[in-house]
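Protein chains in written order, with my numbering: chain A, 738 to 1061; chain B, 2 to 503.
Just so you know, these hints were derived from the structure itself, not from any lab. Some hints here could point you the wrong way.
Just so you have them, the derived chain A footprint on chain B, three or more residues with Cβ under 8 Å [as the list claims (entries may be wrong)]:
id, region
1, 308-322
2, 336-342
3, 407-416
4, 452-462
All C-beta atoms, glycine included, are put in the ideal place defined by N, C-alpha and C.
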Amino acid sequence: MDILRKIGATAASAAITLAASVLISGVPQAQAFPDKPVNYIIPFGPGGESDITARHQQSFFKDKFGQDLVIAYKPGGGGAVGWSQLNGMIGDGYTMMGINLPHIVVKPLQKDVGFKTEDITGVYMFHYTPDAIVVNADSDIKSLQDLIDYAKANPKKLTMSGSGKGTANHLAQVRFDKMAGVKTTYVAFKGTGKAVAALLGNQVKAEWGYTSVGAKHEGKVRLLAVAMEERHPKFPDVPTFKELGFDLVSGAYRGIAVPKSTPEDVRVKLSEMIGEINADPEFRKRMENDGMALLDVGYKDLDAFVAEQAKAYEAAAREAGVIK
Amino acid sequence: MTGLDYLWQALTPLNILLALAGVVAGTVIGSLPGLTATMAVAVLVPITFSMEPASALILMGAIYTGAIYGGAYSAILLNTPGTPSAIATTFDGYPMAKQGDGDLAITLACVSSVVGGLVGAAFLLGLAPPLAEVALAFGPVEYFWLAVFGLTLISALSEGNLLKGLIGACFGLLLACIGVAEISADIRFTFGSQVLLGGIETVSALIGLYCIPVMIDLVATPDRHLKVTQKAKGFRLKEALKISWLGKFNLIRSSVIGTLVGILPGAGGSIAGLVAYSEARRSSKRSDSFGTGEPEGIQATESANNATVGGGFIPTLVLGIPGTPPDAVILGALLIQGVRTGPSLFTENGAIVYTFIFGLILATVLMLPAGLIIGRYAYKSIITIPKALLVPTVAFMTMIGTYAIRNSISDVVIMIVLGVVGWFLNRFGFSPSPIVLGLILGRIAEQGFVQAWTIGAATEDLTGMFFGRPISLVIIAFTLISLFYPLIRKRWSTAGGTANAD
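Using the sequences and the accompanying hints, generate a full structural model.
See the structure below:
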């Protein structure tokens, strides 16, 4: 009996230890994500705004979660090459990819680019760079009204540079022209840097740029209006389009997506982690100083957000002839 | 000089170490086809977060300048430009290596790169703010004409083989159209395949068209890769210095060309090397030996492409507009550090800028010993490694390098296909350079043309747009001269009468 009881006790305690060890090892495992470096693929080349914002996140990620965020580039086809391969990657939470609006909406509507907007599993949209109309600091055009007056008096003669076609800049131009009842000429450049150079060199009269242009070229350029809900903290004197009577809130939205095979709990976890970086006051300060606007659209609300934006983009892209 | 007090700040032991490490790493990376300066700098960005901005800049600038020089090794020893900047280096570098003068060619490239780098840095130091205005004076139409100018240089360079050169260039122009168009976002010539969606990546085309044919020939023929002279001759530095002294005007002229082209965002080292090369050939007494192993050719391209480093930093630092792709990455790293570029950078943040410029000069000077030693090692290993080992090693490197550019297996497939196509074309007398230049210049020309046309049409002045701007007219004049120069020269030498170039 005694022996039996002893065995029983040993067995019980063994079972408890086992259970406890499972529990113990189980709990930290869930909390220990990530326990190795996380790959962060940018579907564009290095040096662009998608890269720079990812770099901003990089140092905060390491501080908060103890693991490196490894940035790699997979440029090509305006992001399409990367996004078309995303779902073929391993979905364990250690691979994520930057996503951009309007790109992920407009590209698949143009042609078969190897992915559909629905194929992309976004976990967080963390910021946007608001569209803005930019002129040279010494330009005669002092306000948005001046610009509209000029455009009305000289149909099509107002040339405006911008980054790419079917992009945030281009679609904003199309939407604004319609709202204001004017016709301007959009000149696409490869990247914001070249579009700004064209403005600074007086090759064009104005630019459809971003708030970040105003931050980077402070003193040389003037923002006429920004496409935000409220004024940008860095530019308190620049009105929003809304204040001036144009319902235009738009820009280049950036977020993060994971392969479709990534488990639900990992998606939620990643979403929380990116949200945590976004909530860091120092991170916010740095991003706003660069002219960006922060945004918090988590995993649960992301699909609805993209669908909402997609409507406006699709209409503008059709208007612009980007989608046939 | 305003910034001289910062010279001593640049010369801290840490900065000297960073400059040396950067140049060595850059040279090795640049010598491997496919590993580019842009990538090397991008990999470094996280490391620079914890550094002082000036030290971070010195490290990145040193890697960058080393990589541009390193591109000459594979151009000379394997006929494969490691970066687009070294395309024109293959013209005379590889023939020199074939004749057993590979060591001299590499030493010459090193000396020329140092001279070019110093001239570029000197312009950056002394004249950056006024020169930055040049970048802004160049509008879309100027880029269009510059690219057309570059295309006409192909015709001048393929003298005797003009038709084949032009056919090759047209093939390159067609290749440039594949994929998502850079500015109109149209999807062209992908034939429904996602492999072609990203277009033909320039560096993978370089590797395919230049390196694969060399590899196939190596396997197909029993000869040694490069002719080896009886005994090792050391660095041959004296010889190289003598040639450099004799070619000092060529060196300085090419460096100035390189700096000026470097200032133009979107022109790049390939155009700089090409313009300097053809200018050197035009003005040389030995023009006929260009393309057959003429040291002046190497001097021209290698000094010009390293001068673009300093030149490219001018718009980057003064205007915040990156002059070259590596500059874009460096600019991004600076932004993250909270350093704002712009005209005020030179006054308010003089400590950073001038420390950096002196650091860049230091790195360029260190490139001489570092480059000579690494170059000698590279040369020795290429000539002593048996062919059975050399070919698989290089073939493996080309695959890795091509994949690494965009982490894309499609690029590897495209590279191999272009390589086989290139080998067949070589057999029929087509050289790879016109094809690659068509590929690079086609994109620049297309963008410039579309933008200029859009602006011209909007302002209802298309003629004025294309033919009424002073800088454009100068470039058009150069284009006409380069196009008809062979004809003009012939007439002068035969009839001596007036040249009616029509």
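Can you give the numbers of the hints that this structure goes against, from lowest to highest? Failing hints: none at all.
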